[in-house]
Amino acid sequence: MSDARGEHVLLGMPTIPHASTVGHLRGDEPFPDAARRELGKPQLRRNLGAATATIRAKRAQVVGEVDDWEHLREAGRAIKAATMARLDEHLERLEREVTARGGTVHWARDAAEANALVTDLVRHTGEREVVKVKSMATQEIGLNEALEQAGITAHETDLAELIVQLAEDKPSHILVPAIHRNRAEIRELFLRTIPDIDATLTDDPRQLAMAARRYLRERFLTARVAISGANFGVAETGTCSVVESEGNGRMCLTLPDTLITVMGIEKVVPTWADLEVFLQLLPRSSTGERMNPYTSTWSGVTPGDGPQDFHLVLLDNGRTAALADEIGRSALHCIRCSACLNVCPVYERTGGHAYGSVYPGPIGAILSPLLTGVEDNASLPYASSLCGACYDVCPVKIDIPSILVHLRAEHVDAQEQAHRVPTGESLLMRAAARAMSAAPRWVRAQAAARAGRLLGGRRGRISSLPFPLSGWTASRDLPVPPRETFRSWWLRERGSDDGRERS
Amino acid sequence: MSAREEVLARIRSAVGPNPRAETVPRDYGRAAPHPAGSPALLELLTDRLEDYRATVHRTSGAGVADAVAAILTDRLGDRRTVLAAPGVAERVGITPDTGDLAPADLDRVDAVVTGCAVAIAETGTFVLDSSPVSGRRALTLVPDLHICIIDADQVVGSVPEAIARLDPARPLTFVSGPSATSDIELQRVEGVHGPRNLHVVLAADA
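Residue numbers (the working numbering), protein chains in the order written: chain A, 1 to 503; chain B, 504 to 709.
Derived by calculation from the structure, the hints in this document are not laboratory data.
Using N, Cα and C, we set each Cβ at its ideal position, and we do this for glycine too.
Watch out, some of these pointers could steer you wrong.
Each computed EDC-like pair below joins lysine to aspartate or glutamate, with the alpha-carbon atoms no more than 16 Å apart [unchecked claim]:
hint : chain 1 : residue 1 : chain 2 : residue 2
1    : A       : K58       : B       : E688
2    : A       : K41       : A       : E145
3    : A       : K170      : A       : E145
4    : A       : K397      : A       : E145
5    : A       : K58       : B       : D569
6    : A       : K397      : A       : D33
Examples of chain B residues toward chain A, derived with CB under 7 Å [what the hints assert, rightly or not]:
hint : residue
7    : V510
8    : P606
9    : I666
10   : Q690
11   : G697
12   : N700
Computed beta-carbon distance windows for the label pairs [unchecked claim]:
hint : chain 1 : residue 1 : chain 2 : residue 2 : range
13   : A       : G388      : B       : D603      : 54 to 64 Å
14   : B       : D613      : A       : Q308      : 23 to 33 Å
15   : A       : H71       : B       : D613      : 42 to 52 Å
16   : B       : L579      : A       : Q149      : 39 to 49 Å
17   : A       : E129      : B       : S563      : 47 to 57 Å
Please build the complete structure, drawing on both the sequences and the hints.
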């Protein structure tokens, strides 16, 4: 057990859960602005539309094969909920077991502390290059950039992460970070950035994958330090695991002398038997496979097999702040399958970059604000139509729509408190509540709304309202109010023979 | 306060004084409708392995060495460097891995032959456990052709049955087909960094 910086300066009360302030959890602009820009990229939308349709079909097929799928989902949800209730005990157990098996456990309050810890560990080996397994946690904390500042080069080895890294781009999907790029773009990128590449390379995905294999092979065979994340950490056995497809994970977890694993504290599960649930839920939800090609598990250090120096970094970085939110805390149950991205009508059109955070899509729209504090990511809870498809496919039954609504309410409350005077939005909501609470007022309000027909455009849409309602129509079209309301239609058609109808 | 103490204190503050840990329902399929090694499971395993582009060779327990030799001749001809996990070396008559070859040396090995700890029919998976029979992890990772021997009594139906048989203290590798990527337009390409060719010799005595 060690603490990277004993002199770490504490801000505020030490035991109050802290939101994350460092790392890649927020964009440079609000979601609507970023989304508008991304919507102007037809190639992106074509790539995304084709890719998400393919993966939705694959998932549906392999989930349909499993008779007890709903029982597995419920078990997965319950394991995660039970784990969060006693998270401190499970983490202490994990630490004890990893330590007993020859590993070293470190704790990091935030991204800066985790980055400093990992940088020190790499420096200690004397190496200037490390190989990396795809890991959301290390992306979240901006580890590659921190290592670069310390003069250490981190080589991403997952094919999609390699594509993103070579293009100096940002990932746009949890599972397939280069989903926004098509084969022609990738061929062009490889020809431009990979030294000594065969100039006759075509855009056939097999040829492109083989080019990546040749490029990375030498790095794997000579690497002495690897950095990974962890899909699960089993408390009772001190076992970490990485779920992957390409074998780059196995290369990193097996061949180097030193392995540094960065794991969010919410990734712990209590028992070995819990993996029997998640190893069924994750691959079918994620890649739409019965089982992914490779899953590795390891418990500390094994003499004669794999790295003999193993470090596990347990990362908070806002997770305890999310845990403190009674409604939002189930966002921490996420196993990063990305099924919710693939079914989301908003994600399918805007792509992942619009969300600004390394966690895009529906799960990102709740997880990012929970980790940073909602006021620091205030537009994301609105990046949804609340259609509920994400909840239906979630393998651990995270009620994403309810958490979105909860975070919107939190944002409105926070705005009201910050401004002292009510915002336009809260005034409108109050006016609506008053109008809806008495029938005569409601009828008068509807009559007034019909005046809105004057604003209608050709296709029955209102695309800009006068101030102060212009804020609403800045990112939405509004249907023109109908000539006749349902209530007046009912009165006209049925009112005569229904004695209860009064107005 | 150390980072450890602080993170733990934040957790306790977040969940409150008396958090209720709910009971986990385990009413998903944990029982085994088919006994290990039953013909139905061997059929299912074969089907699922082939679906993910592994090549399956069915043989008897006594036919394993011949089946392995035939695959090696077919794939590599006579000039070849082959190693076996120490626990199966004698069974297949191939030089055992002594554990001292560095990764770069293993890269010059053409093929490797191992056994496994358990196989899962429903998912087309076998699990290597770093035992003498499975070999160390690097052995089944670097060479481009992996031949895995699965004996019928190692074949169970489901993931829970396999998890119950495995020892988590050992480093484990769950293998389901050759390595693959779908990172380019979600088109599946078999064979990236792990062995590009995966053959399974499934041994059952009638």
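Quick rundown of the hints versus the structure:
Distance restraint check for K58(A) and E688(B): the Cα-Cα separation of roughly 14 Å lies within the 16 Å cut-off, and the hinted pair is therefore satisfied. A hinted pair counts as satisfied when its Cα atoms are at most 16 Å apart, and K41(A) with E145(A) does not qualify at roughly 28 Å. Between K170(A) and E145(A) the alpha-carbon distance is near 13 Å, which keeps this suggested pair within the 16 Å criterion. For the hint pairing K397(A) with E145(A), the CA-to-CA distance comes to about 34 Å; that exceeds 16 Å, so the pair is violated.
About 38 Å separates the Cα atoms of K58(A) and D569(B), which puts this hinted pair outside 16 Å; it is violated. For the proposed pair K397(A) and D33(A), the alpha carbon gap of about 31 Å is over 16 Å, so the pair is violated. For V510(B), the suggested interface contact is upheld, since its CB lies about 5 Å from the closest CB of chain A, less than 7 Å. The interface hint given for P606(B) is met, as the beta carbon of that residue sits about 5 Å from the closest beta carbon of chain A, less than 7 Å.
Satisfaction of the interface hint for I666(B) is found here, the shortest Cβ-Cβ separation to chain A being roughly 4 Å, below the 7 Å cut-off. At about 5 Å, the closest approach between the beta carbon of Q690(B) and any beta carbon in chain A falls short of 7 Å, and the interface hint on this residue holds. The beta carbon of G697(B) comes within 3 Å of a beta carbon in chain A, closer than 7 Å, and the hint placing it at the interface holds. Interface hint at N700(B): violated, since its Cβ lies 13 Å from the closest Cβ of chain A, which is beyond the 7 Å cut-off.
The hinted range of 54 to 64 Å is satisfied by G388(A) and D603(B), whose Cβ atoms lie roughly 57 Å apart. Here the CB-CB span from D613(B) to Q308(A) is close to 28 Å, well matched to the stated 23 to 33 Å. Separation of H71(A) from D613(B) is about 45 Å and conforms to the stated range, judged on CB atoms against 42 to 52 Å. Taken as a hint, the range 39 to 49 Å holds for the pair L579(B) and Q149(A), whose Cβ atoms sit roughly 47 Å apart.
Taking the beta carbon of each, E129(A) and S563(B) are about 50 Å apart, inside 47 to 57 Å as hinted.
Of the numbered hints listed earlier, those contradicted by the structure are 2, 4, 5, 6 and 12.
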